[in-house]
Amino acid sequence: AQKVTQAQTEISVVEKEDVTLDCVYETRDTTYYLFWYKQPPSGELVFLIRRNSFDEQNEISGRYSWNFQKSTSSFNFTITASQVVDSAVYFCALREDNDMRFGAGTRLTVKP
Amino acid sequence: EAGVTQFPSHSVIEKGQTVTLRCDPISGHDNLYWYRRVMGKEIKFLLHFVKESKQDESGMPNNRFLAERTGGTYSTLKVQPAELEDSGVYFCASSSRQGSGYTFGSGTRLTVV
Numbered sequence: 001a002q003k004v005t006q007a008q009t010e011i012s013v014v015e016k017e018d019v020t021l022d023c024v025y026e027t028r029d030t031t032y033y034l035f036w037y038k039q040p041p042s043g044e045l046v047f048l049i050r051r052n053s054f055d056e057q058n059e060i061s062g063r064y065s066w067n068f069q070k071s072t073s074s075f076n077f078t079i080t081a082s083q084v085v086d087s088a089v090y091f092c093a094l095r096e097d098n099d100m101r102f103g104a105g106t107r108l109t110v111k112p
Numbered sequence: 001e002a003g004v005t006q007f008p009s010h011s012v013i014e015k016g017q018t019v020t021l022r023c024d025p026i027s028g029h030d031n032l033y034w035y036r037r038v039m040g041k042e043i044k045f046l047l048h049f050v051k052e053s054k055q056d057e058s059g060m061p062n063n064r065f066l067a068e069r070t071g072g073t074y075s076t077l078k079v080q081p082a083e084l085e086d087s088g089v090y091f092c093a094s095s096s097r098q099g100s101g102y103t104f105g106s107g108t109r110l111t112v113v
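Chains as they are written, first to last, in our numbering: chain A, 1 to 112; chain B, 1 to 113.
Rather than coming from a laboratory, the hints here were simulated on the basis of the structure. Do not take every clue at face value.
To be verified - Chain A regions said to be covered by chain B (calculated; three or more residues, Cβ under 8 Å):
| hint | stretch |
| --- | --- |
| 1 | 37–45 |
| 2 | 99–111 |
Unchecked claim - With beta-carbon atoms standing in for the labels, derived distance ranges:
| hint | chain 1 | residue 1 | chain 2 | residue 2 | range |
| --- | --- | --- | --- | --- | --- |
| 3 | B | R22 | A | T72 | 27 to 33 Å |
| 4 | B | K41 | A | V84 | 23 to 29 Å |
| 5 | A | T72 | B | T70 | 44 to 50 Å |
| 6 | A | S71 | B | T18 | 45 to 51 Å |
| 7 | A | K111 | B | E68 | 41 to 47 Å |
| 8 | B | K54 | A | R50 | 42 to 48 Å |
| 9 | A | K111 | B | Q80 | 42 to 48 Å |
To be verified - Distance condition first, Cα-Cα at most 27 Å in a straight line; then the derived DSSO-like pairs of lysine-lysine:
| hint | chain 1 | residue 1 | chain 2 | residue 2 |
| --- | --- | --- | --- | --- |
| 10 | B | K51 | A | K70 |
| 11 | A | K3 | B | K41 |
| 12 | A | K16 | A | K38 |
Source: prediction; values computed, not measured. The beta-carbon is built from N, C-alpha and C at its ideal position, and this holds for glycine as well.
Please take these sequences and the hints and turn them into a complete structure.
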């Protein structure tokens, strides 16, 4: 069975602070995909990143970076120099075959 | 390319009524998925269509929920009769093939009163 845990329900930071959103997953499969999605106040789910289980390289995209560690089954997401527009609910997800499981989400509030 | 479109964006209905949600996937995407997020909890899988066939409906909560995808294009999700616990946000996603990324719609916020 799969399980995705986002232990942080809500995080509040002040603009320009760095913030890390944690994601821990459980799976028995060796082939799987990990995702992060952003849900801004407008409601849609915005795709941020997909990593497969064979690629543990960390990735940086602008102010966003992801740390994938199979040894600890974690796929953490860091926003550097946060901005008010980063305020949203962020979901981590795990997919094996066609079964995608989401975490409960972390609500990030960035205050000016 | 148009994204995944969901109608309506919001729906408020009374307990016992019927509601039908619609999802138009990206043109050419054979795979269509329904998910929902209830009461601020995790987003849960409901079912998966490949073209017009139900590939996996293990997440459907009970027989008050009926999903269809006639012709393998748009899909509908009917809730009949709606209960209070059905309130939540229903998301639809599509993908061109298994293993590829999903594109989600904006969701339908359903409120049952």
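Report the numbers of all earlier hints that the structure fails to satisfy, in ascending order. 3, 8, 10
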